[in-house]
Amino acid sequence: MLKSALIAALMGLIALPASAETLTVQFSKLTPKGTLMVALYKGEEAYTSGKPVAGQQVAVSSDTATATFEVEPGQYGLKIFHDVNGNGQMDKNPFGMPVEPFAFSNNAKGRMGPAAWADAAFEVKGNTTQDIAF
Amino acid sequence: MTDLSRRSFLTALGGAGLMAAAPTSWAAAAATATFSEGWRLAVANAPAEGYAPSALTRLSGKMPAGLSGTLYRNGPAWFRYGDDTTGHWFDGDGMIQKYDLSADGVRHTGRFVDTVKRRVEQQKQAIVMPGFGTKGRADAPVTSNDDVNAANTSVLRAGDELWALWEGGSPYRLDAQTLLTKGPKTFRDDLKGLAFLAHPKVEPSGRIWSAGFMGDKAWIWQLSPAGEMERGELIQLPAAGYAHDWVVSERHLILPMQPLIAERQTPPFVDTLVWHPDQPIRILVVEKADLSKRRLYELPAATYFHTGDAWEDTDGTIRFDVCLASSPKFGLNGARDLVKGVYNAGNDEEAHLALITLRPDGRADMQATGVSSEFPQTDHRFQGLRRDRVVHVGGYIEGRLGAHALSAFDWKTGKAQTHDFGRDAIVEEALFVPRPASHGGTGQEMDGWMVGTVLNLKAKATELHVFEAKNLSAGPVGSWRSAHATPLGFHGTFS
Ligand SMILES: [Fe+2]
Chain A
45 MLKSALIAAL MGLIALPASA ETLTVQFSKL TPKGTLMVAL YKGEEAYTSG
95 KPVAGQQVAV SSDTATATFE VEPGQYGLKI FHDVNGNGQM DKNPFGMPVE
145 PFAFSNNAKG RMGPAAWADA AFEVKGNTTQ DIAF
Chain B
16 MTDLSRRSFL TALGGAGLMA AAPTSWAAAA ATATFSEGWR LAVANAPAEG
66 YAPSALTRLS GKMPAGLSGT LYRNGPAWFR YGDDTTGHWF DGDGMIQKYD
116 LSADGVRHTG RFVDTVKRRV EQQKQAIVMP GFGTKGRADA PVTSNDDVNA
166 ANTSVLRAGD ELWALWEGGS PYRLDAQTLL TKGPKTFRDD LKGLAFLAHP
216 KVEPSGRIWS AGFMGDKAWI WQLSPAGEME RGELIQLPAA GYAHDWVVSE
266 RHLILPMQPL IAERQTPPFV DTLVWHPDQP IRILVVEKAD LSKRRLYELP
316 AATYFHTGDA WEDTDGTIRF DVCLASSPKF GLNGARDLVK GVYNAGNDEE
366 AHLALITLRP DGRADMQATG VSSEFPQTDH RFQGLRRDRV VHVGGYIEGR
416 LGAHALSAFD WKTGKAQTHD FGRDAIVEEA LFVPRPASHG GTGQEMDGWM
466 VGTVLNLKAK ATELHVFEAK NLSAGPVGSW RSAHATPLGF HGTFS
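Protein sequence lines correspond, in order, to chains A and B. 45 is the number of the first residue of the first sequence in our numbering; add one for each residue after it. 16 is the number of the first residue of the second sequence in our numbering; add one for each residue after it.
Calculated from the structure, these hints are not laboratory results. Check the hints yourself; a few may be wrong.
[Claimed, not checked] List time: in silico DSBU-like cross-link candidates among lysine-lysine, alpha-carbon distance up to 30 Å:
{"hint": "1", "chain 1": "B", "residue 1": "Lys308", "chain 2": "A", "residue 2": "Lys136"}
{"hint": "2", "chain 1": "A", "residue 1": "Lys136", "chain 2": "B", "residue 2": "Lys200"}
{"hint": "3", "chain 1": "B", "residue 1": "Lys150", "chain 2": "A", "residue 2": "Lys136"}
{"hint": "4", "chain 1": "A", "residue 1": "Lys153", "chain 2": "B", "residue 2": "Lys197"}
{"hint": "5", "chain 1": "B", "residue 1": "Lys200", "chain 2": "A", "residue 2": "Lys153"}
{"hint": "6", "chain 1": "B", "residue 1": "Lys139", "chain 2": "A", "residue 2": "Lys73"}
[To be verified] Stretch-level coverage of chain A by chain B, calculated; a stretch enters the list once three of its residues show a Cβ under 8 Å from a Cβ in chain B:
{"hint": "7", "segment": "141-148"}
{"hint": "8", "segment": "152-158"}
Note that beta-carbon positions come from the ideal geometry of N, C-alpha and C, so glycine has one too.
Chain A extracted, bound-state conformation:
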């Protein structure tokens, strides 16, 4: 689900937001290689159903990285996975369990799946920063 949402986002299927607060997402504790796949969702419905409002790929060359989004004020959530081997996929083991790191806004943790909206939701109101540690 995460993967298809990201691909949809990255293919430009999602309209850019009209206006303009800056959301800065700072990532830390990264393995310095590969690419971060960052998907931003506006509102619970979009987050839960996997329809991002924006998506970014961020090349990783040190243990930190940054992504910025220009967005309207509102409630947002982030789903991120680290494509460590750069094959464009969130790799899974033969039993279907993810083997590449993933994270959510607010550093929320899922329970054998994506973090719940209630835990991952944050407000963008003025310029906003999210710090996400892997």
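Model the placement of chain B with the ligand on the given structure of chain A, informed by the hints.
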């Protein structure tokens, strides 16, 4: 008691038909259970910081000349924070006990495996993670199987490392000397977190076979003696039957899938298992050399935790020993009650030693002995090869937890031997240690010693006993007593 734990406690008592069987005194028993008394020592919390090195006190006999090395044992050893109790005996945090045997006697030390699960729960001082029989909190931070890995079932020496094994996630790597945890073993990046049985089988060549189960699929691990991956393959199983153990012969992998079938995916795992007494044990046999070459056998419903070992006759007939029970109620119910301080004999189920024979023409049969039996062990130098003897615990007493005797059975002669430790002892697994050639070892089957531990409830202490492996009836040739009563463990290795 928090609201959450109270709720899961009541749910557990109300669920799975327990309410019907539960005396009303249970709740009171659980509320007042003193885990430093009686059988409850078996499921008491061990010291969080581990056991400092100490010498055991010699009770009788002496260390046989030629016997030296280390007995490592693993088992669940942390079950509760105040009244907040784990949902199942099998969900306690793994702790390694290390017994060093030398001419000077026996020294002991012990340390918890430093798992993600244990870190999270120690930090919160609460049961948080889901498990085999634990529902876990809704906000449990779980991103992979290894986040809930209790590393509490067995140990394997692989190269310089000691691996603490569970069955639903990776082996946890430990330093074999300090017992300090290094982290989960990843065999290959794309296999991270894949299940690895607590019952790997080690060929006489040193090659290691293990498996991981997920529904009706199994991943087969073939490892070098040093624990590096040689091969891995996914195979299809005849049913999503629960398997805690399996058998490996010289040329085949044998997977007995009992009709205890996982039918859902929501934790706890044990609640997804449904017992189908009308369905057979389906025994899948695959060739080591080509996992696509498979045969299927069926035998009437029975349940098991442990097998002995397998061998093949010259005509291709496969035989293996197994401890069979007629109902899985101990694993499903009895083992959940224990950690609450409740032993209900009605939810215990004795297993008996049997020999299963799988013939080349597709017929399967089962020879029952009627001998009470668990934790079967063989002379590992004959792994996968023709042999006669199996050593096991037994001597169950109605109304008392655990085994009280160490016994041996000879398939060739049909003769049994036993040493009874008495009703105040709970006998743990004993392992075979060969007599070295330097001390007259012949290399014949069972020429050596059995080394095992016993929880002495009267003395409130764990003991280590050494037997001549071929002469259990003569009693221990050397016995030592620890300063500690360590919680009951499951499996070990000697190196
Ligand atoms: Fe076991």
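The hints, checked one at a time:
For a cut-off of 30 Å, the pair hint linking B:Lys308 to A:Lys136 stands: about 27 Å separates their Cα positions. The straight-line distance between the Cα atoms of A:Lys136 and B:Lys200 is roughly 17 Å, inside the 30 Å bound, and the hint therefore holds. A distance of roughly 25 Å separates the Cα atoms of B:Lys150 and A:Lys136; the hinted pair therefore holds under the 30 Å criterion. For a cut-off of 30 Å, the pair hint linking A:Lys153 to B:Lys197 stands: about 23 Å separates their Cα positions.
Our distance criterion of 30 Å between C-alpha atoms is met by B:Lys200 and A:Lys153, whose separation comes to about 23 Å. For the hint linking B:Lys139 to A:Lys73, the alpha-carbon distance of about 23 Å falls within 30 Å, and the restraint holds. Under the rule that three or more residues need a Cβ within less than 8 Å of chain B, the assignment of the segment 141-148 of chain A holds, with 4 such residues. Chain B is given as covering the segment 152-158 of chain A, and this holds because 4 residues of the stretch bring a CB closer than 8 Å to a CB of that chain, at least three being needed.
Figure legend: structure checked against the earlier numbered hints; every hint is met.
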